[in-house]
Amino acid sequence: MIAALHRTPPALMLVTLAIGLAACWSAGSPFGILAPIGALFLYARGYWLLSLWGGLLIALAGTVLAAMLYPGTIRDEALSLGALVAVAGCIGLLLVPDPLRRGSRLAALHRRAARQPDGLGGYADRALDGAVHPDDRPAIAQAAAYAFWTGVPQVTSYRQREPDGSYRWTELRAEPGYGVSVDVDAMVSRPCDRWTVAESLGATVAAVKAAKVIESLHGKAWAFDAMGKFTYVTPAAQVAIDMALEDLNRRLGDREFIDGGEAGWMRGVHPDDVDKAASTLRHCLKTGEPWNIEYRMLRATGHYVWHRISARPTRDDEGRITGWFGTSIDIDVYKKTEAALRAREQHLEQLIDTVPAMIWSMTEKGHPAYLNKRIMEVTGATRETIMAPDGSLSLKKMIHPNFLDLAEQTFAKSVATGAPYNIKYLQRRADGAYRWTETRAEALRDETGKIVRWYGVSVDIHDLIVTQTELHLRKQELTRLVDLVPSHIWRLTPAGEPNFFNRRFIDFLGLDESDLETSRTERYAAALNAAIHPDDAVRLWAELKHCLLTGLPFSMRYRLRRHDGVYRWMDGRAEPLRDEDGSIIQWHGLSHDIDDQLRGEEALRESERSLRQLVETLPALIYCAAPNGEPIYRSEKLREFLGFGLGDKDEDGRTRLAGTLEAIIHPDDLPDVKEKYGLSLATGSPYAMKHRLRRADGVFRWVETRTAAMRNGEGEIVQWNGISFEIEDQVRAQEALTLTQERLARAAQAASLAELSASIAHEVNQPLAAVVANSHACQRWLTLDPPNLERAQKTVERIIRDANSAAAVVGRVRALFRQTVEARSLCRLDAILHEARDLMLEEASRRRIRIEIDIEAGLPPLALDRIQIQQVLVNLIRNGLEAMEPTQHRALHIRCARTGDLLRTEVRDTGVGIDVPDKVFEPFFSTKSNGMGMGLAISRTIIESHGGRLWAENNQPSGATFVFTLPVETKADHDR
Amino acid sequence: MSKHKHIVAVVDDDPRLLESLEDLLESAGYVVRSFPSAVALTRAGLAGLDLLITDIGMPGLDGFELRDLVKRARPDLPVFLITGRHEFADQIRARAVESFFCKPFDGQALLTAIARALRP
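Protein chains in written order, with the working numbering: chain A, 291 to 1266; chain S, 54 to 173.
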């Protein structure tokens, strides 16, 4: 009932008030009022409590003042009331609870600000209200209950809802509070209770007292003596480990525990921990050092639970150890949490190290703090290599020089502003290579928003970048290619809507790409519609529609209007692109501008037509043959001439060539033609031949046939082209000409004989005329009266001289024609030269020309025809004199010298020179009106008959030199 | 025959014939002036000459040209042509030129022709 009253303060108040009033009324004393005041003190809080206290103080002050001011009865009454107020105050002091000492308390420690509970009410209920995450409620309730019933402190984590609705992890700590009341004596009074009492506390009374104090505070404590023998253990603890004192102290061997023996409590210690526990305890027992250790203890439930054990010695006045007291705290949750944390940390570390990323962290100032294993392996960097001497970040060894500045600036900016850091750069790797890497970092901030750490991750994006770059290049290249292709490339949707034109096509159509209001497809379709030639449009759309429906490739020629309004012929083709199912994804099309080609073809056809006409109309017989000579073409004129076409002479067993040749070539010419044509075919050399060709009427006509090979770029013969000219008339004319020439030659022969005879006659007639005239003169001198004998005599001498001269001419002519050497005798050339000079001296002086002779001394005599050589010299001298007639430099030089085995004689004039030096030696060549042109011819014959040579040269600046040589050794000739 | 001796000029490029004609004419009592070429004659002049005998085939001016030249200056001067070339002779005969002699010519006939030409 009392408990029920405790739970309902108003009821209690009413009860105590009723009792107090009853006491006052029955006793006639106000003391009864203490009961309700006590109740008020019990339950009043805050304002009510303060008011109560204030009332009591005012009442006390009032009674004191009354006692001091009023003597007698009032004073006694005031003192009596003051005593009542003082007693009430004492009761209040005793009853007002200290929160720390009252029952179980739960305190929540928050990360940011601990929430202080206020007002009346149960804390556990508060902790378990809606602010706790529903999942954590059972756990926290269980921990609180456990703490309450066992007194074992509990540490639990749970998620608590914040005002903003988010949850935060919060740690809940629950520990018991006890009132201290130690009554050691009472413990000895119940020897039957095996859980509580030692037979004798002995010297450990102080230790047991201390243990009891601890037990009152902590719920669990124990004491043992200086030898380690338990004298007290909190009964609940004994129950928990299911070991009574005697079990704990039981000796398990012969030896005392302190001497290394085993005690019963050791069995409750985890085998892995027992040795350490025992040895440390022995050590402490001996030294008196405090015993602090953690080990696992076996609970009655059969589980080992981690405990932290602390023991301290008690000493007597002389400092000897009288016993030990201690306690153990269940730290199993700590241990497990710690292990879990460690495991999680390890896991996290492994995770960080195995994540395929390079992870690092920096201090808030940007100084390197941590590098994961991977970043160190990959880049070869360590915290030291990326740290400048002042501790700041140095990226020099990690980043490509090209990116260093950018990276450092970006990083510095991020550190300064706290903005996330993100950069792509070339990172230097352990092997010295650079690879594209992306590094991102973000700042971790504390509650106040201050940066505490930078966490970063670097990811190798080299392959990505390379692929992207490659892809970009490929795309660019493809685009360029598509635009470069000298054709129009386009793409249609399966429905036939154009959705791509290449650059060339756009330019061709003159599309305005800046128009962005209408969709590309609409623009393209409109442009295409407008550009197609009206005459082709119907045909084209029908064909395209057909192809779109059937999926058949599109191919068509049509006209398309260029941006400048000119229609151009196009060759358009399109094929569908199908997916794996075979359905059409899109159509790819290609349009070729074939306008030039078509025009070219037209021009070519025109040119071919005109060429053919040319060939057909040329007044010549034209044919073509294959590389092996087989006829493949004959012009109209040739077909007309032969009277048959290409295939008309084909016969079995013979080639067309052989058949044709035998049919058309004159039998006399056939072998030659076959041989020459065969040679040309074999060697590729041009063929040219004159032969007779059979005309359609059977008449053979002379033709000249020429054939040459036509070769391709590699030089191979692709065709033989031939032409035949009719040369019948030419051949006839040539024959006539030849006849005429022959006649002429005969006539010329006759004429030259006549000329020669006339010449000889003249040569002979001159002296003969002189002889005859002299004879008449002589006769007259003799027939004078008196006869002039002197003149007659002189005249006769002349007659003899001239007659001899005539005879000599005749003899020379004979010698010339007989080519005799009879007249040769050894004579000196210089003498002959002087004679000839003397002969011509008169004529030279008449012409006022000097004759200069230069003869080398000691020339050998030669076997010569004196007269002939003299004639040659006279001839040359006369020629020279006559040549100089019209000129000013009047001197004729004759030079004679020996050159090796030859005597060389030169007659040099300063005349007009000779036009054709060799021609002058031909018979009947003369530049003189009265010359007969025999002189030089005869002279040359004479010199050559002497084994020498005679030729003419022109002088510089003018004139000509006639040179003849005579061999010094002419013995052989002489003998002959 | 008068005491005055007739002067006869002879032109021939052959010194032997010149010599022989000079001999023949002197033997007939003429004064002879010999010239190796037509040019030599024209240079000497025609004054005093009574008759001219010239070869046809000569370098420079030939006989025909000399005769034509002389005929312009002295139309009265008798000119005798002589030649060794019989082809010329045929042409001259065809032209019916009388005062013409072929080599070798008859000295007596020449002298007779000269005398006839110089007859007053």
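Be aware that one or more of the hints could be misleading.
Said to hold, decoys possible - Lysine to any residue pairs mimicking SDA-like chemistry, simulated, CA-CA at most 25 Å apart:
no., chain 1, residue 1, chain 2, residue 2
1, S, K124, S, A170
2, A, K1084, S, T165
3, S, K58, A, K625
4, A, K835, A, R849
5, A, K714, A, V668
6, A, K626, A, A647
7, A, K626, A, Q636
8, S, K58, S, R169
9, A, K1209, A, N1165
10, A, K927, A, R868
11, A, K703, A, A647
12, A, K626, A, V668
13, S, K58, A, N1011
14, A, K714, A, D736
15, S, K58, A, K663
16, A, K740, A, K765
17, A, K1209, A, L1079
18, S, K58, A, R849
19, A, K625, A, R610
20, A, K1084, S, V85
21, A, K626, A, H423
22, S, K58, A, L1074
23, A, K927, A, A972
24, A, K964, A, I1050
25, A, K835, A, K765
26, A, K1209, S, G113
27, A, K663, A, R719
28, S, K58, A, T1073
29, A, K625, A, D425
30, A, K1084, S, P68
31, A, K765, A, K686
32, A, K1084, S, K124
Rather than coming from a laboratory, the hints here were simulated on the basis of the structure.
Proposed proximity, S:G113 with A:K1209 (alpha carbon, max 25 Å) = The hint holds at about 24 Å.
Can the restraint linking A:K1209 and A:L1079 be considered satisfied, given a maximum Cα separation of 25 Å?
-> violated, 52 Å
Given the proposed pairing of A:K765 with A:K686, does the C-alpha separation stay at or below 25 Å?
-> Since the Cα atoms of A:K765 and A:K686 sit roughly 35 Å apart, the hinted pair is violated (cutoff 25 Å).
Sort out whether A:K663 lies within 25 Å of S:K58, counting only the CA atoms.
-> It is violated: about 160 Å lies between the C-alpha atoms, which goes past 25 Å.
A:K835 paired with A:K765 [C-alpha distance capped at 25 Å] | Given that 25 Å is the threshold and the Cα spacing comes to 32 Å, the pair is violated.
Does A:Q636 lie within 25 Å of A:K626 when you go C-alpha to C-alpha?
-> Holds - the C-alpha atoms of A:Q636 and A:K626 are around 15 Å apart, at most 25 Å.
Take a quick look at whether A:K1209 and A:N1165 sit within 25 Å of each other, Cα to Cα.
-> holds, 16 Å
When you check the alpha-carbon spacing of A:K1084 and S:T165, does it fall within 25 Å?
-> holds, 24 Å
Would you mind confirming whether the straight-line C-alpha gap from S:K124 to S:A170 stays at or under 25 Å?
-> The given pair, whose Cα atoms are some 15 Å apart, holds under the 25 Å limit.
Pair hint outcome, A:K835 versus A:R849 [Cα-Cα no greater than 25 Å] | holds, 18 Å
For the pair we were handed, A:K663 and A:R719, check the Cα-Cα distance against 25 Å.
-> Within the cut-off at roughly 14 Å; holds.
Given the hint that S:K58 pairs with A:K625, test it: the Cα-Cα distance must not exceed 25 Å.
-> Roughly 189 Å between the alpha carbons, so the hint for S:K58 and A:K625 is violated.
Hints 3, 6, 10, 12, 13, 14, 15, 16, 17, 18, 19, 23, 24, 25, 31 and 32 from the earlier list are contradicted by this structure; the remaining hints agree with it.
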